[in-house]
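Taken in order, these protein sequences are the chains called V and Z. So that you can map any letter, position 22 of the first sequence is 25 in our numbering, and since no number is skipped, the others follow by simple counting. So that you can map any letter, position 100 of the second sequence is 227 in our numbering, and since no number is skipped, the others follow by simple counting.
No wet-lab data here; the hints were simulated from the structure. It is possible that part of the hints are untrue.
Computed list of lysine to any residue pairs in SDA-like fashion (alpha-carbon distance at most 20 Å, straight line) [what the hints assert, rightly or not]:
| id | chain 1 | residue 1 | chain 2 | residue 2 |
| --- | --- | --- | --- | --- |
| 1 | V | Lys101 | Z | Leu206 |
| 2 | V | Lys45 | Z | Thr132 |
| 3 | V | Lys60 | Z | Thr132 |
| 4 | V | Lys101 | Z | Thr198 |
| 5 | V | Lys66 | V | Gly44 |
Ranges of calculated distance between the beta carbons of each label pair, as one might list FRET restraints [as the list claims (entries may be wrong)]:
| id | chain 1 | residue 1 | chain 2 | residue 2 | range |
| --- | --- | --- | --- | --- | --- |
| 6 | Z | Pro202 | V | Asn25 | 19 to 25 Å |
| 7 | Z | Thr197 | V | Arg15 | 44 to 50 Å |
| 8 | Z | Arg204 | V | Gly97 | 41 to 47 Å |
| 9 | V | Arg15 | Z | Met154 | 19 to 25 Å |
| 10 | Z | Thr213 | V | Gly98 | 23 to 29 Å |
| 11 | V | Pro83 | Z | Pro222 | 29 to 35 Å |
| 12 | Z | Asp183 | V | Glu58 | 27 to 33 Å |
| 13 | Z | Leu226 | V | Ser10 | 21 to 27 Å |
Glycine included, each C-beta is placed from N, C-alpha and C at the ideal position.
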Amino acid sequence: EDQVTQSPEALRLQEGESSSLNCSYTVSGLRGLFWYRQDPGKGPEFLFTLYSAGEEKEKERLKATLTKKESFLHITAPKPEDSATYLCAVQALGGGNKLTFGTGTQLKVEL
Amino acid sequence: NAGVTQTPKFQVLKTGQSMTLQCAQDMNHEYMSWYRQDPGMGLRLIHYSVGAGITDQGEVPNGYNVSRSTTEDFPLRLLSAAPSQTSVYFCASSPPGFLTEAFFGQGTRLTVV
């Protein structure tokens, strides 16, 4: 059974204080790993897809990396508008388009 | 471009009542899916469809039915609501191919009393 574990559950940062969110996964064969952002009362919004170990992708203050066992979402000099829940999901080989999600990391960035 | 539209946004049901959660997308996506989101549980797949006329069960299908008569619509039916079905429900659609991003609706918050 595919499993995705995210840590920490919640994270509070000061504006400009960089940090990383972790997503560890167990999957029979990884096709890809996804990061989504979810704002309160809204549906998840796509951020990144990572396909192979060693891959990195960047978008503004966010950078996602992938190893064979985990992925990190690095947040550099965050701003209050980066406050959201960040979700990680995996897609397994042989599983079609199905996604298995972690429980998310709730990030709050304060002034 | 509306994307994925879910209705209603909020609903309160009594135990045993039935209802249909509506989901429509205007992106001509073949793959559509329903998830429920509960505190501490993450998003869990209920049912999915790879195209009109084709549906299959996800991780937590019990108590839910789906059908897919058109590419655009993918309704989720609760035949006899139970308090355990209190949750936030999300519909999503994806372009063809694997590793494509899923587009989510705004969600339906359902309370069963």
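A quick look at each hint next to the structure:
1. V:Lys101 with Z:Leu206: Violated - the C-alpha atoms of leucine 206 of chain Z and lysine 101 of chain V are around 25 Å apart, more than 20 Å.
2. V:Lys45 with Z:Thr132: 12 Å, holds
3. V:Lys60 with Z:Thr132: 29 Å, violated
4. V:Lys101 with Z:Thr198: Since the Cα atoms of lysine 101 of chain V and threonine 198 of chain Z sit roughly 18 Å apart, the hinted pair holds (cutoff 20 Å).
5. V:Lys66 with V:Gly44: This hinted pair is violated, its Cα atoms lying about 25 Å apart.
6. Z:Pro202 with V:Asn25: 19 to 25 Å: 37 Å, violated
7. Z:Thr197 with V:Arg15: 44 to 50 Å: With Cβ atoms ~45 Å apart, the hint holds.
8. Z:Arg204 with V:Gly97: 41 to 47 Å: Since arginine 204 of chain Z and glycine 97 of chain V have Cβ atoms about 29 Å apart, the given range 41 to 47 Å is violated.
9. V:Arg15 with Z:Met154: 19 to 25 Å: 37 Å, violated
10. Z:Thr213 with V:Gly98: 23 to 29 Å: 28 Å, holds
11. V:Pro83 with Z:Pro222: 29 to 35 Å: Since proline 83 of chain V and proline 222 of chain Z have Cβ atoms about 33 Å apart, the given range 29 to 35 Å holds.
12. Z:Asp183 with V:Glu58: 27 to 33 Å: 30 Å, holds
13. Z:Leu226 with V:Ser10: 21 to 27 Å: With Cβ atoms ~25 Å apart, the hint holds.
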